[in-house]
Each structure stands twice: as C-alpha cells, then as structure tokens.
Amino acid sequence: MNRATLAALAVVTLTLPPLLPDRHLATYVLLGLAATVTAGVSLLMGYAGQVTLGQAAFYAIGGYAAGLLTVHGAPTVAGLLAAPLVAAGAAVLLGAPLLRLRGHHLAFATLALQLILLSLLGRGDWAGGAIGLQGIPQLPVGGDLGYAYLVWTVVAVVLLVSHNIVDSRVGRGLRAVATSETAAAASGVAVGRYRLAVFALSAAFAGLAGGIYAFYLGYLAPGSFPVLLSIEFVVMAVVGGLGTTTGPLVGATVIVLLVQALNTLGTQPGMPGYAPGVLSYAVYGLLLVATVLYLPRGIVPTLTRRPPGGTS
Amino acid sequence: MSDFIGYLLTGLGIGAGYALVASGLVAIHRVTRVVNFAQGAFAVVAAMLTASLLSAGLPHGLAELTGVLTAALAGLFVGVIAIGRPGTTPGTSLIVTLGLGVSAYAVEIVIWGDQPRSFAGLPGVAVVAGARIQAHYLLILAVTGAVLGALAVFFARTDTGRALTACASNPYAARVVGIDVRRMGLLAFALGGALGGLAGVLTTPVQQVTFDSDVTLIVNGFAAAVLGGLTRPAVALAGGLLLGVAQTMLAGYGAGAYQLEAALVLLLGVMVVQAARRGPVPEAAR
Numbered sequence: 007m008n009r010a011t012l013a014a015l016a017v018v019t020l021t022l023p024p025l026l027p028d029r030h031l032a033t034y035v036l037l038g039l040a041a042t043v044t045a046g047v048s049l050l051m052g053y054a055g056q057v058t059l060g061q062a063a064f065y066a067i068g069g070y071a072a073g074l075l076t077v078h079g080a081p082t083v084a085g086l087l088a089a090p091l092v093a094a095g096a097a098v099l100l101g102a103p104l105l106r107l108r109g110h111h112l113a114f115a116t117l118a119l120q121l122i123l124l125s126l127l128g129r130g131d132w133a134g135g136a137i138g139l140q141g142i143p144q145l146p147v148g149g150d151l152g153y154a155y156l157v158w159t160v161v162a163v164v165l166l167v168s169h170n171i172v173d174s175r176v177g178r179g180l181r182a183v184a185t186s187e188t189a190a191a192a193s194g195v196a197v198g199r200y201r202l203a204v205f206a207l208s209a210a211f212a213g214l215a216g217g218i219y220a221f222y223l224g225y226l227a228p229g230s231f232p233v234l235l236s237i238e239f240v241v242m243a244v245v246g247g248l249g250t251t252t253g254p255l256v257g258a259t260v261i262v263l264l265v266q267a268l269n270t271l272g273t274q275p276g277m278p279g280y281a282p283g284v285l286s287y288a289v290y291g292l293l294l295v296a297t298v299l300y301l302p303r304g305i306v307p308t309l310t311r312r313p314p315g316g317t318s
Numbered sequence: 018m019s020d021f022i023g024y025l026l027t028g029l030g031i032g033a034g035y036a037l038v039a040s041g042l043v044a045i046h047r048v049t050r051v052v053n054f055a056q057g058a059f060a061v062v063a064a065m066l067t068a069s070l071l072s073a074g075l076p077h078g079l080a081e082l083t084g085v086l087t088a089a090l091a092g093l094f095v096g097v098i099a100i101g102r103p104g105t106t107p108g109t110s111l112i113v114t115l116g117l118g119v120s121a122y123a124v125e126i127v128i129w130g131d132q133p134r135s136f137a138g139l140p141g142v143a144v145v146a147g148a149r150i151q152a153h154y155l156l157i158l159a160v161t162g163a164v165l166g167a168l169a170v171f172f173a174r175t176d177t178g179r180a181l182t183a184c185a186s187n188p189y190a191a192r193v194v195g196i197d198v199r200r201m202g203l204l205a206f207a208l209g210g211a212l213g214g215l216a217g218v219l220t221t222p223v224q225q226v227t228f229d230s231d232v233t234l235i236v237n238g239f240a241a242a243v244l245g246g247l248t249r250p251a252v253a254l255a256g257g258l259l260l261g262v263a264q265t266m267l268a269g270y271g272a273g274a275y276q277l278e279a280a281l282v283l284l285l286g287v288m289v290v291q292a293a294r295r296g297p298v299p300e301a302a303r
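First to last, the protein sequences are chains A and B. Residue numbers for the first sequence follow the working numbering, beginning at 7 and rising by one. Residue numbers for the second sequence follow the working numbering, beginning at 18 and rising by one.
There may be inaccurate statements among the hints.
[Unchecked claim] Heads up, incomplete: computed chain B residues facing chain A, CB under 8 Å, no partners named: (1) L71; (2) I112; (3) D131.
Honestly, the hints are just simulated from the structure, not real lab data. In this text, a Cβ means the ideal position worked out from N, Cα and C, and glycines have one as well.
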C-alpha cells in the first residue's frame with residue numbers, strides 16, 4: 007500500500023468517529039478491537055504457518071487481567087498495561103510445550119486451551135463465575151468518542167509493529183520458517199524461539215484488545231469469549247489475507263460490516279427471532295469456505311498482486 | 018463394587034460415542050490426510066433428524082437408520098467441497114471443514130431451532146453384577162461393537178476396503194494400480210459421516226444434543242483418535258472407551274465438575290509427548 011492511500015485511510019479513520027451516530031460508534035470501536043486481534047492471528051497463521059483456534063482465550067486473559075486488577079482497586083492505566091503483558095506471559099508459558107505441535111494438532115490444542123479457560127472462568131468465584139465480572143471502571147478517555155480514538159490508535163500501533171516485524175531480519179526468518187522449517191533451521195534461524203516470540207506477540211495484541219474491551223463494556227463473562235469468536239478471528243485473517251499488514255484490517259472491516267448489515271436485516275420486523283444468529287453463522291462459514299477455495303491468498307494480496315508474504 | 022461396575026458400563030457407553038466419532042475421523046484422515054472438523058456436526062444432524070422423525074411417528078430403527086444415512090450423505094457433501102478441487106492441501110481442507118461446520122449451525126437452527134433435543138432410547142434398567150444402569154448403555158455398546166467389528170471385516174476382506182487401506186498407506190502406489198484415490202477419499206468421507214451420525218443417534222437418548230454439541234464431540238473424538246496418531250482405528254476405539262470411562266469415574270468419584278478439563282489435559286499431554294517422541298517434525302504437507 008502506498009503512502010497516499012495510507013494517509014487517506016488515516017484521515018478517514020480520524021474524521022469518522024464524531025460523524026457516527028452512537029449505535030455505529032460502538033460498531034466502530036468493536037471493529038478496531040477485532041482488527042487488533044486479527045493482526046496477531048494473521049502474523050501467527052501467515053508467518054508461523056499455523057491455524058490457531060483459541061485466540062479468543064488470550065483476548066479473554068487480557069480482559070480478565072485488566073478487569074480483575076481494576077476491580078480490586080488498581081488504577082485503570084495499570085490494568086491496561088497489564089492486559090497485553092499477562093496475555094503474552096501466558097502465551098510463553100503455554101506455548102513452550104504446545105508449540106512443538108504442528109498443523110491440526112496445534113489447532114486442536116489451542117481450541118482445548120480455550121475450552122479449559124472458559125470452564126475454569128465459569129467455575130472460578132474469583133472471576134465472578136458464570137455470571138461474570140461486574141463493575142469494571144471506565145478508562146478516563148471521555149466516553150465512546152475517546153474509546154474510538156484510543157482503539158484506532160492501538161490499531162495503528164499494532165499494524166506498524168506488524169509491518170516492521172514483517173520487513174525486518176526477524177520477519178525474513180519467520181517467512182523462511184513458514185515456507186520450510188528445515189531450510190530455515192539449516193540457515194541458522196532459531197525456529198523454536200521465533201515461533202514462541204510470534205505466539206507471544208499475537209497474544210499480546212489479543213490481550214491489549216481484551217483489556218480495552220473490558221473497560222469499554224465494564225463487564226466480562228465467560229460467555230463473551232465463545233469458541234466461535236476464535237473462529238471469527240481466523241475468518242477475518244483468512245479473508246483479509248494472511249501474512250499481509252493491511253489484510254487483518256480489511257478482513258475485519260469486511261466481516262464486521264457484513265455481519266452488522268445482516269444483523270440489521272435480521273432484526274427487521276417479520277423476521278424470525280433466530281435470523282441474526284443464523285445469518286452470521288452462515289456468513290462466517292460460507293465466507294471462510296469460499297475464500298479458502300477461490301481466493302486462497304485473501305482479499306489484500308489478490309487486489310495488490312504482490313508476491314504472497316510467506317504462505318504459498 | 019457395584020458402583021464401580023455401574024460407572025464402568027456407563028463410561029464405556031459414553032466412550033463408545035467418542036470412539037465412533039474418533040473412528041470417523043480416522044477413516045477420513047487415513048485416506049485423505051484431512052482432519053474433518055465437521056465430524057461432530059454429522060452426529061448433531063443425525064440426532065436432530067431422528068428426533069424429528071420419531072416425533073412424526075416413524076418407528077424406532079427406521080428413524081435412526083434414516084438419520085445415519087443422511088449423515089453419510091452430509092459426509093459425502095463435505096468431502097466433495099473439502100477435497101473435490103484438485104490441489105487442495107490437507108491444511109486448506111481442515112479450514113474448509115471448519116467453515117462447513119460453522120455453516121451447519123445456520124442450517125440446524127433454521128430447521129430444528131436452538132433448543133436441546135432428545136428422544137427415548139431403549140427403556141428400562143438392566144442389572145449387571147449388582148449394578149443398575151440404563152439398558153440403553155448396553156444397546157450403545159452392542160451396536161458400536163457390531164459396527165466396528167463389521168468395519169474391520171470390511172477393511173480386511175473386501176476389495177473396496179482393501180482399496181481404502183491401499184490409499185491410506187500409499188496414495189501414489191494406489192493410483193498406479195488403478196485405484197481412484199479421489200473416489201476413495203469421498204467414500205471415506207461418507208463412511209465418516211455415517212460413523213458420526215451413528216454416534217449421534219446412539220448417545221442422544223442418554224445425553225441431549227444441541228446445535229453446538231459438536232464442539233465437545235469433536236474435541237473428545239479427536240482426543241481419542243490422536244492416541245493412535247489418527248491412523249489406527251483400533252487405538253481410536255480404545256482411546257474413546259478409555260476417555261469415556263475416565264470421565265465417568267471422575268464424575269462418579271467426586272471431581273465431576275472437572276471431567277471436561279481432565280479429557281482436554283489428557284489430549285494436550287498425549288499430543289505433546291507424541292511430538293517430543295517424534296523428534297524433529299517432518300515438513301508439513303502443503
């Protein structure tokens with residue numbers, strides 16, 4: 007993406023929030039959060055070449071870290087800083103044994119991690135149990151408009167970090183890992199450490215988004231982080247294009263807007279009560295299948311026709 | 018002691034369901050190298066359809082058979098989309114089956130709604146060695162045993178079964194001797210669908226089914242199948258039974274709340290140990 011497009015995008019992003027009605031402003035905030043998490047998924051799937059089906063677990067860990075700290079009296083800024091750190095720490099601890107796994111084994115392992123976490127949160131009284139954690143304070147950013155700017159600043163930072171990693175020496179090493187681990191290892195890339203670092207970084211992105219989510223809603227429950235949410239992030243990453251900097255942003259935008267539009271359609275009078283749910287399941291499922299089969303590199307690489315950044 | 022026998026038989030009955038899901042995963046993975054994420058959805062579709070047919074007045078047996086055959090068709094359908102296009106890698110196919118599994122939610126909710134469903138199984142209580150258990154558990158065990166036995170004979174003694182095994186051990190050589198590997202892959206998917214469907218219709222009378230039951234089923238089925246490296250049906254059967262018994266024992270002797278965690282931690286442990294033993298990971302097929 008060239009500088010002019012990038013600048014135009016930044017200007018639109020910054021001028022949009024005050025113009026949006028409240029209902030759409032909320033969507034805008036949640037879209038930014040989804041894009042942040044998806045950026046991590048895209049790094050992990052595009053560069054470590056692995057399917058993760060548990061990214062919402064790190065989103066939840068970040069949210070609960072921020073929520074629990076502030077509910078017990080810590081300042082909100084501390085909670086916001088703790089969210090990515092705790093999530094990354096958890097990723098390092100869990101990733102050390104689990105990243106020996108590849109392909110479908112890792113996919114199921116991450117899914118299992120999330121199910122275990124949800125079950126523990128649902129039963130843990132210290133986390134509010136199934137009812138959830140209530141009364142999380144607001145960040146002092148001045149209401150929804152402030153959150154919108156905060157979230158999109160985070161999106162910009164996350165995309166910048168992704169971009170720099172992709173273009174750096176480390177990024178070239180990662181791309182080598184995604185193409186052939188044996189060849190990468192033979193050329194002196196510390197495969198295990200690189201994979202763990204990407205895993206931790208993607209978890210930090212998810213944790214940071216989770217922390218903001220906790221402050222924004224003021225309430226967390228295990229039910230806010232279903233397995234389907236993890237799958238949504240994968241859908242966004244795949245649709246946008248794995249291993250590209252702007253792919254997560256495009257993927258998240260396309261999916262969130264589409265689901266929002268169908269949601270509006272589904273809640274029209276005369277539509278059955280299950281319509282919004284059904285429509286969103288259909289969108290996630292069918293878009294994933296159609297993209298993987300007919301647009302295997304995703305929207306961004308197909309449109310820009312650059313060589314794929316690691317997946318082939 | 019009679020408690021123990023009761024838990025054991027109940028656990029075997031529940032484990033038989035996991036074993037059937039696992040066998041379906043293994044049947045598909047052996048031939049196509051694809052891990053079918055939609056495997057749990059077959060069980061849900063078969064169970065929901067059977068519940069509808071039974072309440073519409075169809076007799077037992079016929080309704081269950083229709084459910085299982087429909088699941089086999091669903092399996093074929095998933096297979097056509099997942100491996101139908103030449104050049105689809107197993108990794109891509111996994112994501113396709115994941116997408117189809119999520120799409121299945123939409124279809125299931127439109128047809129059957131989002132409430133749990135169940136139907137009556139074999140009525141009555143059986144007394145085995147002093148333990149009282151629902152008779153239906155014995156039916157589950159008998160049917161699972163018969164079906165998996167028949168399957169073993171099918172793989173070992175029939176031409177089609179041998180062709181499937183040939184594709185599993187060496188697709189290239191199979192193609193050379195004139196076996197249509199793609200058609201065998203689709204057959205494996207249909208077989209996987211039928212096995213998943215059977216798991217659904219057998220276990221629904223003792224545990225309700227909802228549209229999203231597939232996640233638990235697929236995770237437990239995968240845990241069972243992974244013990245045998247996703248290629249050995251007999252180990253998958255043993256794994257499923259072991260998992261079912263372990264969960265029921267945990268539930269029976271106190272730590273009931275943590276049975277899901279126990280199964281998942283077992284899954285993670287087995288995979289990590291297997292990965293460590295395999296040593297350097299072979300290059301993933303892509």
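Here is what the structure says about each hint:
1. The closest approach between the C-beta of L71(B) and any C-beta of chain A is roughly 23 Å, which is over the 8 Å cut-off, so the hint fails.
2. Because the smallest distance between the Cβ of I112(B) and any Cβ of chain A comes to about 5 Å, under 8 Å, the interface hint for this residue holds.
3. With its C-beta approaching chain A no nearer than about 6 Å, D131(B) sits inside the 8 Å limit, and its interface hint holds.
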